[in-house]
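All chains, please: the whole structure from these sequences, using the hints.
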Amino acid sequence: MKNGSLIFGALLSVLVIIAAGVSFLWVPFDITQLSIPDKLQTPNKIHWLGTDHFGRDILSMIMIGARTSLAVALLAVGIGFSIGVPLGLAAAARKNSLIDEVIMRTNDLIFAFPSLVIAILITALFGAGAMNAIIAIGIFNIPVFARVSRGAALSLWQKEFILAARVSGKSDFLISAEHILPNIANLLIVQGTIQFSLGILAEAGLSYVGLGTQPPIPSWGRMLADAQTMVSFAPHLAIIPGTAIIVTVLGLNLMGDGLRDILDPRVRKSRE
Amino acid sequence: MISLCLASVIIFTIVEIAPGDPASFMLGINAQEDTITALRAELGLDQDKLSRYFSWISGMVQGDFGTSYTYRSPISNMIADRIWVSLPLALYALVISTLIAFPAGIYAATQRGKVGDVAVMGATQFGIAIPNFWFAMILVVIFALKLRWFSAGGFVEWENGIFQSIKSLTLPAIALALPQASILSRVMRSALIETLSEDYIRTARAKGFGKRAVIWRHALRNALIPVLTIIGLQFSFLLAGAIIIEQVFFLPGLGRLVFQAITQRDLIVVESVVMLLVFAVITVNFIVDIAYAIADPRLRRRV
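Heads up: the sequence lines are chains A and B, in that order. Heads up: the first sequence begins at 1 in the numbering used here, then just goes up one per residue. Heads up: the second sequence begins at 1001 in the numbering used here, then just goes up one per residue.
Since the hints were made in silico from the structure, they are not lab data. Treat the hints with caution; some may be incorrect.
Partial list, computed: chain B residues near chain A (C-beta under 7 Å) [what the hints assert, rightly or not]:
{"#": "1", "residue": "1129"}
{"#": "2", "residue": "1130"}
{"#": "3", "residue": "1133"}
{"#": "4", "residue": "1134"}
{"#": "5", "residue": "1141"}
{"#": "6", "residue": "1142"}
{"#": "7", "residue": "1236"}
{"#": "8", "residue": "1240"}
{"#": "9", "residue": "1244"}
{"#": "10", "residue": "1247"}
{"#": "11", "residue": "1278"}
Residues of chain B clear of chain A, computed beta-carbon distances all greater than 10 Å [what the hints assert, rightly or not]:
{"#": "12", "residue": "1035"}
{"#": "13", "residue": "1073"}
{"#": "14", "residue": "1091"}
{"#": "15", "residue": "1114"}
{"#": "16", "residue": "1167"}
{"#": "17", "residue": "1239"}
What you are looking at is a predicted structure, and each value in this text was computed from that prediction instead of being measured. Glycine included, each C-beta is placed from N, C-alpha and C at the ideal position.
Put into structure tokens, the structure is as follows:
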């Protein structure tokens, strides 16, 4: 039971990843083929999840949409990770210096911005599309990773083994890369899973208002936007993509919680 | 204060470097070059960036947000109209979120590890994973289309009866509050569990206070600090999140104003509304800091 949430979360996540992966090789129906006579079918034997207003197979769209969601969220987390972690490590290595001050104050500033508003601003002004959505979501991941890595690194700098590395003449950069980073990797993985799930929600939100992934590429958020006018007589159009989002985010969050329990000894202790 | 200045520079820069000239956008693609130049001069777009920035900022400090490019009406009026939708919506959602989170979090903490705790925590996991605009759509289907308890969208102006206005904000507020209530319940629970393991709680228990009395009189107040932080943070999420929810319910709030302005390249409206939101967020964070001092006397000396 202790790892229940980890296993359940991992199962849900793997399910979504498999759906996305399989969609590269095979989907039940070609979604570029519109078939108006087959439109708005509820789930049945041929179309397992039904069809949309253009007669496209919803299962196929969900599978390809999984690809979009995962890719956008993964790249956005990648941006936050690859910029935020080095900044956080640099700030920790030069604690209370000018660099530390500048990095952390800039962080506070980005935190003060309502992230969704700015993401909408960026995608709206620079053109709606998956790429700008990735950048917009990614920017707000930077301070999160910077803060987590700085906080964790700060306590490590007090440890004896870091002191030993300093005495042996290693530069701050090498110490950060070779000793600090591997030791905070656990925390970063947990944070990464959480940010990943937030990224999925953010992408869905942006696509829903028409600023994220653009048609004809299927995206869960767009499917929900299309469903809105038809939800009264074809509720499955809204329920299915919504469930896909919930399953993915729930899976990632549960996995994150489970990983934290295993990887972070402090939490483990307090639970026992 | 410094963060406000920096924020204004960043917003101004983002909007400036964005492609699309408002003047040529307003006049359409067939506009003559000299008409565009004339309009640019009228809107003040021909001045250099620095002087435009300062006139924007100095105007804003005096409550003059400038004039909308598209509607030619003062932005402060446009914002004033719409803030009476967005602000009540955010506050309403905050109230709902708090009303759900406090009992749920306290209950889960007291039932720690038992069925009640697991059930509440499981529910919150769902609450966090559900996209609020999707939840909003489901609410509309159930409570507006099927049960017909609420209208599916739109807003009844405050002059037409406060009760009706609040009613038209109810579904949006519930949708907006759901994820925040889930997060807040979890924070409430863990904060309370942490304080309950403190020595002074054991002392109070040893002195013969009942569990209930200890929670209400000692633990809750001390658990309030992290909860207040999150409530403060959530207010900004609610104001911003309202943008998407307003789209679902066709509410004439700040969110719709921003969307209209963005599509019409009415940049000065976009700048002003975003700046206002950032100002609101920073102010709320400041108020939260003061609230700390009230909730926890120990912090007063440090401030």
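Structure-based check of all given hints:
1. 1129: Given a least distance of 4 Å, the restraint on residue 1129 of chain B holds.
2. 1130: Result: holds, 6 Å to nearest chain A Cβ.
3. 1133: 6 Å, holds
4. 1134: Nearest chain A Cβ about 4 Å off; hint holds.
5. 1141: Result: holds, 6 Å to nearest chain A Cβ.
6. 1142: Violated: closest Cβ of chain A sits about 10 Å from residue 1142 of chain B, beyond 7 Å.
7. 1236: 5 Å, holds
8. 1240: 3 Å, holds
9. 1244: OK, holds: residue 1244 of chain B within 7 Å of chain A, min 6 Å.
10. 1247: Since the shortest Cβ distance to chain A is 6 Å, the answer is holds.
11. 1278: Cβ of residue 1278 of chain B sits 6 Å from chain A, so the hint holds.
12. 1035: 24 Å, holds
13. 1073: Holds: least Cβ distance 22 Å, greater than 10 Å.
14. 1091: 16 Å, holds
15. 1114: 13 Å, holds
16. 1167: 20 Å, holds
17. 1239: 6 Å, violated
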